[in-house]
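A.B. asks: Chains as they are written, first to last, in this note's numbering: chain B, 1 to 111; chain S, 1 to 115.
One thing to keep in mind: the hints can contain errors.
No farther apart than 30 Å at their CA atoms in a straight line, the calculated lysine-lysine pairs in the DSS-like style are these [to be verified]: (1) S/Lys36 <-> B/Lys71; (2) B/Lys71 <-> S/Lys9; (3) S/Lys22 <-> S/Lys44; (4) S/Lys9 <-> B/Lys54; (5) S/Lys40 <-> B/Lys68; (6) S/Lys9 <-> S/Lys22; (7) S/Lys36 <-> S/Lys71.
In case anyone wonders, no lab produced these hints; they're calculated from the structure.
Okay, here's what each chain looks like letter by letter:
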Amino acid sequence: DQQVKQNSPSLSVQEGRISILNCDYTNSMFDYFLWYKKYPAEGPTFLISISSIKDKNEDGRFTVFLNKSAKHLSLHIVPSQPGDSAVYFCAATHNNNDMRFGAGTRLTVKP
Amino acid sequence: DTAVSQTPKYLVTQMGNDKSIKCEQNLGHDTMYWYKQDSKKFLKIMFSYNNKELIINETVPNRFSPKSPDKAHLNLHINSLELGDSAVYFCASSSRLAGGTDTQYFGPGTRLTVL
Numbered sequence: 001d002q003q004v005k006q007n008s009p010s011l012s013v014q015e016g017r018i019s020i021l022n023c024d025y026t027n028s029m030f031d032y033f034l035w036y037k038k039y040p041a042e043g044p045t046f047l048i049s050i051s052s053i054k055d056k057n058e059d060g061r062f063t064v065f066l067n068k069s070a071k072h073l074s075l076h077i078v079p080s081q082p083g084d085s086a087v088y089f090c091a092a093t094h095n096n097n098d099m100r101f102g103a104g105t106r107l108t109v110k111p
Numbered sequence: 001d002t003a004v005s006q007t008p009k010y011l012v013t014q015m016g017n018d019k020s021i022k023c024e025q026n027l028g029h030d031t032m033y034w035y036k037q038d039s040k041k042f043l044k045i046m047f048s049y050n051n052k053e054l055i056i057n058e059t060v061p062n063r064f065s066p067k068s069p070d071k072a073h074l075n076l077h078i079n080s081l082e083l084g085d086s087a088v089y090f091c092a093s094s095s096r097l098a099g100g101t102d103t104q105y106f107g108p109g110t111r112l113t114v115l
């Protein structure tokens with residue numbers, strides 16, 4: 001059962017523009033959400049997270065928005081840079097129990 | 001220094017063989033995990049160990065046996081390998097401090113190919 005879904009397998013954006021990666025979840029018990037970034041032949045690396053008590057968390061060019069009523073979160077990258085090209089995984093957890101991942105979205109930022 | 005390391009990086013083997021993948025973390029974390037990234041690119045948790053004790057054991061065939069000799073190591077042993085075991089396996093670790101959050105640090109992955 002895929003409790004975390006990333007419905008867009010890929011996204012292409014021009015350098016300098018905004019990248020918006022979306023994630024939906026089905027389990028209303030999730031209380032912590034994370035985004036991981038993965039380059040080829042490397043493991044996922046933590047990027048940014050948000051607790052369910054917040055609706056926004058910002059870290060530099062990266063902002064995560066959480067809409068609990070819609071069970072939806074999104075990652076905004078502004079401005080996008082070619083080095084941001086990677087696969088982005090959305091993940092969710094409840095009470096620090098096992099983490100559920102989406103299938104990932106491959107972001108390509110074109111110069 | 002690599003925080004979470006896995007060996008080998010690539011593993012090609014025949015069906016029916018037994019193989020092990022090793023994982024070590026030097027972050028001082030107390031919890032370690034094994035994930036399988038399937039053909040659809042989903043990262044699915046297989047096992048979780050906290051302080052050398054098994055916490056999570058998802059529906060994984062008992063041909064897969066994790067072994068944690070100490071808090072810094074969680075090895076994955078697979079018996080009687082099958083074609084469907086071909087995947088990339090990721091080890092991860094985190095620190096489950098009270099009230100803390102579960103940010104996991106991943107190893108580089110081991111690509112297992114069963115012929």
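A.B. asks: Please name the hints from earlier in the document that this structure breaks, with their numbers sorted from lowest to highest.
C.D. replies: Numbers 2, 4 - these are the hints that the structure violates, sorted from lowest upward.
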